[in-house]
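Generate the whole structure from the sequences, applying the supplied hints.
Chains as they are written, first to last, in our numbering: chain E, 1 to 118; chain X, 1001 to 1444; chain D, 2001 to 2108; chain S, 3001 to 3180.
In case anyone wonders, no lab produced these hints; they're calculated from the structure.
On a predicted model such as this, the values are computed, not experimentally measured, just so you know.
One thing to keep in mind: the hints can contain errors.
To be verified - Heads up, simulated BS3-like pairs for lysine-lysine below, C-alpha to C-alpha not over 25 Å straight-line: (1) E:Lys33 with X:Lys1089; (2) X:Lys1089 with X:Lys1103; (3) E:Lys32 with X:Lys1089; (4) X:Lys1093 with E:Lys32.
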Amino acid sequence: MQSEWQFIVLFVVIAPLLAVAPILINWLLGPKKPNPIKQQTYECGVETVGDAWVQFKVQYYIYALVFVIFDIEAVFLFPIAAAYGQLGLFAIGATAVFIVLLADGLLYAWGRGVLEWI
Amino acid sequence: MSFNIGEFISSIFDLTAGDYLASVWGTEPWVSVVLDILGILIVATIPLLSVFFVGLIERKVLARMQDRIGPNRVGGKYGLLQMFADVVKMLTKELLVPAGADKVAYFLAPILSLATSALLFAVVPFAPGVIGTNLGVGVFYVLSISSVSVVALLLAGWGSNNKYALLGAFRAVAQLVSYEVPMILSLLVPIILASSMSTMEIVEAQAIPFVIFAPISALIFFVSSLAETGRSPFDLLEAESEIVAGFHTEYSGMVFGLFMAAEYMGIMFMCFLFSTTYLGGYRFFGLEEIVVGNGFQLGRLLGLFITIFKGALVFFVFMWLRATLPRLRIDQLLNFNWKFMVPLMLMILLTVALLDRLILDYIPQVGDAGRAGIHLVSNIIIGLAGIEVLRRSARRQRQRHNTTSTVLAVAENEGAPIFVAAEVEPAYGHDDHGHDAHAPVPAH
Amino acid sequence: MIPLSWYLLVAALLFSIGLYGVMARRNAVAILMSVELMLNAVNINLIAFWRYGSVLSPATDTPTTGWAWAIFVLTVAAAEAAVGLALIISVYRRRDSVIAEELDLLKN
Amino acid sequence: MTLEQVIFILVSFLTLGTGIVVVTNRNLFHAALAMMASFLGVAGLYILLDAGFLAAAQLLVYIGAISILIIFAIMLTRRMMQAREASFNSQSGLGLFTAVATFALLAAVIGQFWWGVDAFNGRPDVPDTVLQNTVSSLGKAFVSPEAYVVPFIVASVLLLAALIGAIYVAWPTVHAEDEA
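This is the structure we're talking about:
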């Protein structure tokens, strides 16, 4: 383990404790008198109807999908950008091909109309 | 080497207390662990505590912009203790768990939200050599942590067992993941220009701030950081006219306070990240010799002040926009991202990558200033072209609206999901796709 | 010090857990999640062998084989999840079911 | 025990324990949560193996993107999630047997070749500069003709195909509506 990552590992352990402490204090200090009316979920003042599930549009999935593809692109592009000083024109060309191919995907999604919010 | 209180205090002013303690304690493994834990406590708690301050400032500034006074009772004339009073109130409220809630998800959400916001600060370079940990992949680390924070919203929405919370969470996630794409692309530009991913080295490379190299890309980064932190005009995460309070509808007391604190910490971090990647971090034209040089003991402190000053400047623009702009509709928001910012940013990225290579290979004699000038010109040309395209498409859209009959125009407007009702599909199952919710759904 | 075999054992266990999930779960989404676990196990192996093996090789440049293939596995995993979930959503819309056994469209 | 060993054991327990939850929990949402924790554990293993960049990539891609995709899919198909049916199929016994047999085989191979071999008892010492250069070497390798430029371009074609295919499949057409 490199020393700079040791910091991150310890931080990942400690950071949630920062959030747990206020919740614990709140639990200790606050009153504890729950009742069914108080615990009802909020629905603009009327009684709650059914459970929380509604049928979602497939649109949400599409946005996440395009995002996943660009995320992977980032995983490739960040090391290349970090090595930019040592790259030649061929490398830039290959990266450009990579980006243009993925931009094609975006164009397809656009042309197909899946990016329209309906 | 033995401990000397005078040297210790002077090392604190020099912002090198860690190095001093390391030299006193030696090189045993536990020393690095203890020093890391001390560093983590500093890096995590100072942003957390400055939320008190930043929140108050924002309330005061917003109030002044809207011709109000703002908090002015608690803690004297300026309401200095207002945020403390708020926290005391939050801490003494009942910890309510809504009926039917998924307790694991319900409590994990605020914890994850705050933890990720705190983790972001590990790589902010505050002054030369003053950084939580100088990761070689700093900017990439920031991206990965901020993409984890999206999960917290989903957990909150799911855990609350509330329709508005779930819808709000879904919308928020759609917005955040969409705007993460231009943010990724615009962060690549400083990395290319500095040829490194480490935040420290990006700052070191900015003899001329990168905002001068690529102002349009800086603007795109700024806009997407607004959207990532859910600030106005992109505050659809909590659009109270549509989805009550979004994903934190069912949260109250300190659990809600944690979401609030995480939001402010995220905003502060984005301000620092913008000033690190585009505004030159702790460097400032004339002062950088003093800041970077080691001869003067106040050098690092000066760097700290410059960093905070730049961050505060960006934060002021955040507040200014919040006081000025109305909220966007979600279709406008997503269209603007996918159909304008992402293509434009791809163009800028390709141009910067190609141009910089050509400059470095063929005309290295132009120096830093010439390089900046060439990039600036190309960037502005692309930006103007983008704006022209935008204007044309807006004109086309207006013409289309004018030619269609008024009735149709109204119907089109209603088709846009201004109301929750338009977004909730009837739960018939078969067609979870784009029917206008007002139209009767044919039974299959 | 951590021996190489510890990592390999963890990866083997994770792989077996994922394999069990793939074979035993009925829900298609759950099967997909198990497949992701198996791919992760493969990646652990790639990186472990990189760190214990090829870093030592006397190349002029830093060897990156393990990393590069781990990232390609990541790519394949993402593509697989994207298409697999799209299929599941599509099938759910038509057949109203995400149970893998009931999807016998090609049988009849 | 050194700090590294402690971290390794904790992280392994996180990875494997949540992995078991993924394959056994009836609540799909909780299974997805456990999967994220398992991915986090794997990222921890990468950090222990000096592959910090990959750990960050793991968080970015697996937790930040794929898990969200999976949760969205769970929500879209949630009517099946009420857990009224069995979550295991008839061959779960066979599955358990296969999994155990596979593990036994892998463990036998590991025991044969790598267990207790001196050369693999600890991570070889490598200069820090080499490890720090890995990311930029990786960037160079992706776009150099001697290394991975072909797989790199093929990966982008794969992603493009996945994007187009997934949109084509998931997006309801008029035609699909008629069929349904």
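Going through the hints against the structure:
1. E:Lys33 with X:Lys1089: holds, 17 Å
2. X:Lys1089 with X:Lys1103: At roughly 23 Å apart (the allowed maximum being 25 Å), Lys1103 (chain X) and Lys1089 (chain X) satisfy the hint.
3. E:Lys32 with X:Lys1089: holds, 15 Å
4. X:Lys1093 with E:Lys32: This hinted pair holds, its Cα atoms lying about 9 Å apart.
In this structure, none of the earlier numbered hints is contradicted; all agree with it.
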